[in-house]
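Asks: Here are the chains, one letter per residue:
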Amino acid sequence: MSSVARVQVPEGQGGSGNVIRDSALGMVPEVVESLIALNGAVWDAGELSPAEVELARLQNAQFTGCVMCRAVRYDVAVADGFSEEKVAVIQEGADEAVLSERERLIVAFTRQFHLDPAGIPASLQADLKATFTEAELLHLSMAVAYFCGSSRCAVALGGMPESMPRTEIAITR
Amino acid sequence: MSWIVQECSSREAIMARLPQLGEPFLAMFESLWEQPHVPGPVLELCRLRMAQLHRSEGDQAQAVVPVDAVRRAALRDWHRSPLFTEAERACLEFTEIYAMDALAITDAQAEAVKTHYGDVGLVALVQSLGVFDGLQRLGLIWRTSKQEA
Numbered sequence: 001m002s003s004v005a006r007v008q009v010p011e012g013q014g015g016s017g018n019v020i021r022d023s024a025l026g027m028v029p030e031v032v033e034s035l036i037a038l039n040g041a042v043w044d045a046g047e048l049s050p051a052e053v054e055l056a057r058l059q060n061a062q063f064t065g066c067v068m069c070r071a072v073r074y075d076v077a078v079a080d081g082f083s084e085e086k087v088a089v090i091q092e093g094a095d096e097a098v099l100s101e102r103e104r105l106i107v108a109f110t111r112q113f114h115l116d117p118a119g120i121p122a123s124l125q126a127d128l129k130a131t132f133t134e135a136e137l138l139h140l141s142m143a144v145a146y147f148c149g150s151s152r153c154a155v156a157l158g159g160m161p162e163s164m165p166r167t168e169i170a171i172t173r
Numbered sequence: 001m002s003w004i005v006q007e008c009s010s011r012e013a014i015m016a017r018l019p020q021l022g023e024p025f026l027a028m029f030e031s032l033w034e035q036p037h038v039p040g041p042v043l044e045l046c047r048l049r050m051a052q053l054h055r056s057e058g059d060q061a062q063a064v065v066p067v068d069a070v071r072r073a074a075l076r077d078w079h080r081s082p083l084f085t086e087a088e089r090a091c092l093e094f095t096e097i098y099a100m101d102a103l104a105i106t107d108a109q110a111e112a113v114k115t116h117y118g119d120v121g122l123v124a125l126v127q128s129l130g131v132f133d134g135l136q137r138l139g140l141i142w143r144t145s146k147q148e149a
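Line by line, the protein sequences give chains A and B.
Just so we're aligned, residue 1 is where the first sequence starts under my numbering, counting upward by one.
Just so we're aligned, residue 1 is where the second sequence starts under my numbering, counting upward by one.
Since no wrong hints were added, every one of them can be taken at face value.
Some chain B residues judged to face chain A by a derived CB distance under 7 Å, without partners named:
no., residue
1, Arg17
2, Leu18
3, Gln20
4, Leu21
5, Pro24
6, Phe25
7, Ala27
8, Gln35
9, Tyr98
10, Asp107
11, Ala124
12, Val126
13, Arg137
14, Leu138
Covered stretches of chain A (in silico footprint by chain B; criterion: 3 or more residues with CB under 8 Å from a CB of chain B, positions within the stretch not fixed):
no., stretch
15, 132–138
16, 155–165
Covered stretches of chain B (chain A as the covering partner; in silico rule of three or more C-beta atoms under 8 Å from a C-beta of chain A):
no., stretch
17, 5–15
18, 115–122
19, 127–135
It is worth saying that the hints were derived from the structure and are not from the lab.
Just so it is clear, the structure is predicted and the values come from calculations on it, not from any experiment.
A virtual CB, placed ideally from N, CA and C, is assigned to each residue, including glycine.
Generate the whole structure from the sequences, applying the supplied hints.
Replies: Below, the structure is given as structure tokens:
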């Protein structure tokens, strides 16, 4: 893991007030606006609650190794009741008993997405279909796919701190 | 047919069932091919190489940008093939490490990409790989793309 940023954001870029557009990602203007739109849609336009999306995002971050992604908590999820005892299940291997059945399945799906997407067992498929609506499953799937890419992107561009305290932030729209 | 939406057999058709999310996702994929910093044919080689690593038949069969059949056939063995330029080799090596473990990417591998495409090219490549990886995994977990044996 590189703690040194691998790209230099040009002087003069920034100041828009949008942390995505003002970051290195804003160096590719042809892409960044669609990225900002997708990021907003993941949080605003789906069927899962913000706390459920946050659970998937943090489980995703365990696989990508993104220190910042693991430290961040989105304010909408905290306001929705997302708690640190659920983070402990993901980050410290605490007892899954604190998770609801829906939450347990969100974690299971996200793990499957990273470890062996093609090998999703029929039992997990059946449990997901029995518990979530079609729209919820599509939201979960595409949110995890987005988080997978955005989190690895942060890692690949370097500049990752060795550690970072829990930090609550707002959604970038 | 997919287990997640039984009447759909393609990833794009399934994504269209939730357009408020599927449309911006596909719009981002389209935007990757409009950026000028990494040429489309190079991105296509990286997309295809990632599909090989995921063993995703559907994504290997897809052709977003035309790639010469001989080079396409040689892609699996690009390390030893003379058919790929230094710029393509830098991007393919970066792609392979990204696909396996983004934490394992070295500064030298990132510098190799920047040598050819600059800082902005590295950002464009990383953005592209994130979308390719996410979409290919979606195809596999939804079972709209078979995995090679």
